[in-house]
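What follows is the residue order along each chain.
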Amino acid sequence: MKKLINDPDDVVDEMLDGMVAAHPDRLRRLSDTQVVVRTDAPLDEVGVVSGGGSGHEPTHAGYIGDGMLDGAAAGDVFSSPTADEFEALVDACDGGEGVLAVVKNYEGDVMNFETAIELAEMEGAEVATVVVNDDVAVEDSLYTSGRRGVCGTILVHKAAGAKAAEGADLADVQRVGQKVVDNVGTMGMALTSCVTPEKGEPTFDLGDEEIELGIGIHGEPGTERTGTMSADEVTDELTESVLADLDLDEDQEVLTIVNGMGGTPQMELFVVNRRLQELLDERGLDTWDAWVGDYMTSLDMAGCSITVCAVDDELKELLAAPADTPALTVR
Amino acid sequence: MKKLINDPDDVVDEMLDGMVAAHPDRLRRLSDTQVVVRTDAPLDEVGVVSGGGSGHEPTHAGYIGDGMLDGAAAGDVFSSPTADEFEALVDACDGGEGVLAVVKNYEGDVMNFETAIELAEMEGAEVATVVVNDDVAVEDSLYTSGRRGVCGTILVHKAAGAKAAEGADLADVQRVGQKVVDNVGTMGMALTSCVTPEKGEPTFDLGDEEIELGIGIHGEPGTERTGTMSADEVTDELTESVLADLDLDEDQEVLTIVNGMGGTPQMELFVVNRRLQELLDERGLDTWDAWVGDYMTSLDMAGCSITVCAVDDELKELLAAPADTPALTVR
Amino acid sequence: MSADGEAAVAAVERVAERLERERDYLTELDSAIGDADHGGNMARGWASAAEAVRELDDPDPATVAKATGRTLMSEVGGASGPLYGGSLVFASVELDDGLTPESAVAFAETYLEKVRDRGDASVGDQTMVDALVPLVHTFKKSIEVDGLPPVVALAKAVDAAERGAAFTVPIRARKGRASYLGWRSVGHKDPGATSTLFVAESLLETARD
Amino acid sequence: MSADGEAAVAAVERVAERLERERDYLTELDSAIGDADHGGNMARGWASAAEAVRELDDPDPATVAKATGRTLMSEVGGASGPLYGGSLVFASVELDDGLTPESAVAFAETYLEKVRDRGDASVGDQTMVDALVPLVHTFKKSIEVDGLPPVVALAKAVDAAERGAAFTVPIRARKGRASYLGWRSVGHKDPGATSTLFVAESLLETARD
Ligand SMILES: Nc1ncnc2c1ncn2[C@@H]1O[C@H](COP(=O)(O)OP(=O)(O)O)[C@@H](O)[C@H]1O
Ligand SMILES: Nc1ncnc2c1ncn2[C@@H]1O[C@H](COP(=O)(O)OP(=O)(O)O)[C@@H](O)[C@H]1O
Ligand SMILES: [Mg+2]
Ligand SMILES: [Mg+2]
Ligand SMILES: [Mg+2]
Ligand SMILES: [Mg+2]
Chain A
1 MKKLINDPDD
11 VVDEMLDGMV
21 AAHPDRLRRL
31 SDTQVVVRTD
41 APLDEVGVVS
51 GGGSGHEPTH
61 AGYIGDGMLD
71 GAAAGDVFSS
81 PTADEFEALV
91 DACDGGEGVL
101 AVVKNYEGDV
111 MNFETAIELA
121 EMEGAEVATV
131 VVNDDVAVED
141 SLYTSGRRGV
151 CGTILVHKAA
161 GAKAAEGADL
171 ADVQRVGQKV
181 VDNVGTMGMA
191 LTSCVTPEKG
201 EPTFDLGDEE
211 IELGIGIHGE
221 PGTERTGTMS
231 ADEVTDELTE
241 SVLADLDLDE
251 DQEVLTIVNG
261 MGGTPQMELF
271 VVNRRLQELL
281 DERGLDTWDA
291 WVGDYMTSLD
301 MAGCSITVCA
311 VDDELKELLA
321 APADTPALTV
331 R
Chain B
332 MKKLINDPDD
342 VVDEMLDGMV
352 AAHPDRLRRL
362 SDTQVVVRTD
372 APLDEVGVVS
382 GGGSGHEPTH
392 AGYIGDGMLD
402 GAAAGDVFSS
412 PTADEFEALV
422 DACDGGEGVL
432 AVVKNYEGDV
442 MNFETAIELA
452 EMEGAEVATV
462 VVNDDVAVED
472 SLYTSGRRGV
482 CGTILVHKAA
492 GAKAAEGADL
502 ADVQRVGQKV
512 VDNVGTMGMA
522 LTSCVTPEKG
532 EPTFDLGDEE
542 IELGIGIHGE
552 PGTERTGTMS
562 ADEVTDELTE
572 SVLADLDLDE
582 DQEVLTIVNG
592 MGGTPQMELF
602 VVNRRLQELL
612 DERGLDTWDA
622 WVGDYMTSLD
632 MAGCSITVCA
642 VDDELKELLA
652 APADTPALTV
662 R
Chain C
663 MSADGEAAVA
673 AVERVAERLE
683 RERDYLTELD
693 SAIGDADHGG
703 NMARGWASAA
713 EAVRELDDPD
723 PATVAKATGR
733 TLMSEVGGAS
743 GPLYGGSLVF
753 ASVELDDGLT
763 PESAVAFAET
773 YLEKVRDRGD
783 ASVGDQTMVD
793 ALVPLVHTFK
803 KSIEVDGLPP
813 VVALAKAVDA
823 AERGAAFTVP
833 IRARKGRASY
843 LGWRSVGHKD
853 PGATSTLFVA
863 ESLLETARD
Chain D
872 MSADGEAAVA
882 AVERVAERLE
892 RERDYLTELD
902 SAIGDADHGG
912 NMARGWASAA
922 EAVRELDDPD
932 PATVAKATGR
942 TLMSEVGGAS
952 GPLYGGSLVF
962 ASVELDDGLT
972 PESAVAFAET
982 YLEKVRDRGD
992 ASVGDQTMVD
1002 ALVPLVHTFK
1012 KSIEVDGLPP
1022 VVALAKAVDA
1032 AERGAAFTVP
1042 IRARKGRASY
1052 LGWRSVGHKD
1062 PGATSTLFVA
1072 ESLLETARD
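Note that the protein sequences, when read in sequence, are chains A, B, C and D. Start counting the first sequence at 1; every next residue gets the next number (this note's numbering). Start counting the second sequence at 332; every next residue gets the next number (this note's numbering). Start counting the third sequence at 663; every next residue gets the next number (this note's numbering). Start counting the fourth sequence at 872; every next residue gets the next number (this note's numbering).
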């Protein structure tokens, strides 16, 4: 499979350098790490940090900037950063007011972040955590390691970052992050497999007449493999799954995201958004804001995910607050 | 080839509805057309409009908003809008101060826009044109229909839109648009062919070990088919072609764009940007700003283009001026 | 409806059917050196034109030509829309006083002139002009010099257009998207010249009926 | 360098070689039910560990185990990094007073306990725990109850781990990425259980030398 890369072993390193080269006034890479922080970190407010495997660009470092993240640790492609890297991240973003770590619910991420937090706390840092688990495709029960964190994570970054920018304390920043987690659901699908730089071949085989529903963002197989469907049918499937999970009251205001997996052109995402908004309307829900784009990708996978987040006045204020990051600007 | 679409015949129509549904407060679709304008068009200033075939999203309608375009006409996939549509667009964006039409140099676009302008002028409108032809892959001579307009178009939208927002007159808005055209060059390449909804198969065959240099944004074959190369080698090829064309003085300040063709993940674009910045540095050029992302795509084609634009104080001011559009926000 | 008007409507329908059949072939030609849409552009445009002319009451050849041109202009984006459509609208006035061998020649000449004006292409640039010039020249000479009956003249013109379309293969494009390819355009048949030939063939079939 | 220290370094090197050879296979297993990186994670991590332990002056088994664990922790992201690495660091203290049959058992038990603590998995959850539990239990029983020589005990333990890895195939995952699959995880061999078996086999080969 052809890719614009040099050596697969260098891809994360070179990508991070390329990101910093695009935003030298905003981003700084901690030397000898895969951690990127804002140039002026730490600020005099609660630090908000995130991280995880690479291959989900613009997640994570694309969301560093005013009103969102202070820094992010990048693991290798689809692999959680190590505890060392998370620790360096927390340390660089701790201005004395404490740090909120936004962690996606994967055992690797959670275990490495936990280890890092223990280490940082031994050094006197105050760290709180929000674990994002918005993927409704996965059963959240004793029989799984819990739901995965996927595209809803962006909204956690946004809300927590906005709260921190207001000068709120750590507990309050954590509270709003958790509020997003409690009100958001996502479900994804794939038309094609992603291809990791390391493997150079599709992670899974999907026939020309097949699609995968409930796909994860690491090429983990989904919940169901079915025949191809129209965009409207796909949208209906994903949306119904998310709404069944959220169980919203009529007239509830929501923010929606139609997220591209990396290989799907915007044209198709807008076709999906058209049906999504029609469907929410039929269901008596009230779209307060609708985002369409590549927010949480899976390398070059073709496909999309749909996120619905119920919003109240507080979340609306935080999600609409100014943000100035490479990948998301709100003004 | 699998796509998130319904009927290929409806894809542009549904996409436009989906875009408007994502931005109902900003975008309005003229009924019975494929023309999208800002909700509050026409403004009391020079209107800046653009348009062309669909399949290049976020181009064109994604750049409608404060500080950029007032409206855009969408043709079918890769086909210029008709003269009728262009005329409706000019009409809707004419607030009495005249309209600048940004046209990419394709015979279809130029001929249809020209016809529309003749018709609009018969109705008393004042219309000026800037024809963008930044693609250095094409020989600009009597032996071709001239160079194609590609990713540099975004910078024309930005500069002209900013100038119009300042309240400048039509001649001045046209002048700055033309100034961008005179100072910008782009060259693209493809790892894979795009697949049009209509055809459902790759427009051209590219072997597993082949890439196409100098590709157009409609899947038009490029200037050269070669074996696969590393990201650094590709970057060197594209950049050298652009720089040879621009012939800049040492220490010239430039804005660069690493543009994704639609199917290439951001990770790879950043890898390319890393080498691009290194190369410009070696050449003694001074990067004033570096953009990385999907600005002018070709459906799901994998590949990228590199744009370099020489900037002076005036262009810097215009390119850094505030803009608030679905696809580009500057603050 | 006048017999000529009826024939004109039938001709447009015949063109539409033919181009629908040739859709994939034309798109294939356009894939090689363009953007893979000429088949769709033509099939869609002419199908709409057939619909439009069917709805005219009491059409005459001029009205049919004008309506066809207008529809192509507003249905077909791309280079072929204004070239085919705009030229037809303009040339249609030559038929205002009815269809005669002389008015047919004038129609053909005006159409050619308009295509050249708008597209600025000459013979040998690997465009539809390469089919049109031999078509129009042969038609005019067959009528005006050789005094042949119009159907025979048209048959000769179609042969000429066929050679014109074939002539696009070994030459380098200077206009249209194919020109971007430089020397790589050599060896490819021009889609617009080919569709022009198909249109002419359909007109001939109608004339023979 | 002590003979035991030398053997410990050789063991890490052997593991690294083996996991490099099994890289594609482990990644294939992880493709089916995870994210296709376990082979790379293990090969890369253990290669770095081999490098790190080679650079120790005068190593003993405890230092080698600790350095290996630290390297895995900082080189391998993902679930296997803290599970393999953190548990090794913690278990290494059991070897502080040297490598004896008793301290080897204590080391194995502590390692298992730490994996369970951190990952919260039980036998039957389709994880590395399914290979580890039979491995450690058999090793302990062979030494403490049957009084077998360590190499023989380890050979029995490897057989047990092999059955444990095979046992992951017919069951449903409850932990790790495979758990996302629900019932679709049934029928797949767990990558971590498989790599655990490979590590144990390499230790046995070293012990036999
Ligand atoms: N400048 C021109 N003059 C004459 N014919 C042209 C010109 N440019 C393009 N053409 C014709 O148009 C054809 C392509 O039409 P089409 O594919 O429908 O439009 P587009 O090139 O915009 O996609 C070419 O094959 C050629 O015959
Ligand atoms: N909670 C857990 N407890 C025990 N082992 C686990 C747990 N989660 C994952 N594993 C093991 O880790 C292996 C996967 O490792 P690896 O692929 O390197 O990490 P990741 O799953 O983060 O990509 C699984 O095959 C399983 O054996
Ligand atoms: Mg992993
Ligand atoms: Mg076209
Ligand atoms: Mg074409
Ligand atoms: Mg894995």
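Keep in mind that the hints were calculated from the coordinates and are not lab data. There's no promise every hint is true.
Distance ranges between label pairs, derived from CB positions [said to hold, decoys possible]:
| id | chain 1 | residue 1 | chain 2 | residue 2 | range |
| --- | --- | --- | --- | --- | --- |
| 1 | B | E609 | A | G284 | 36 to 44 Å |
| 2 | D | E984 | A | D205 | 36 to 44 Å |
| 3 | B | T460 | A | G284 | 46 to 54 Å |
In this text, a Cβ means the ideal position worked out from N, Cα and C, and glycines have one as well.
Here's how the hints hold up against the structure:
no.: 1; hint: B:E609 with A:G284: 36 to 44 Å; result: violated (55 Å)
no.: 2; hint: D:E984 with A:D205: 36 to 44 Å; result: holds (39 Å)
no.: 3; hint: B:T460 with A:G284: 46 to 54 Å; result: holds (48 Å)
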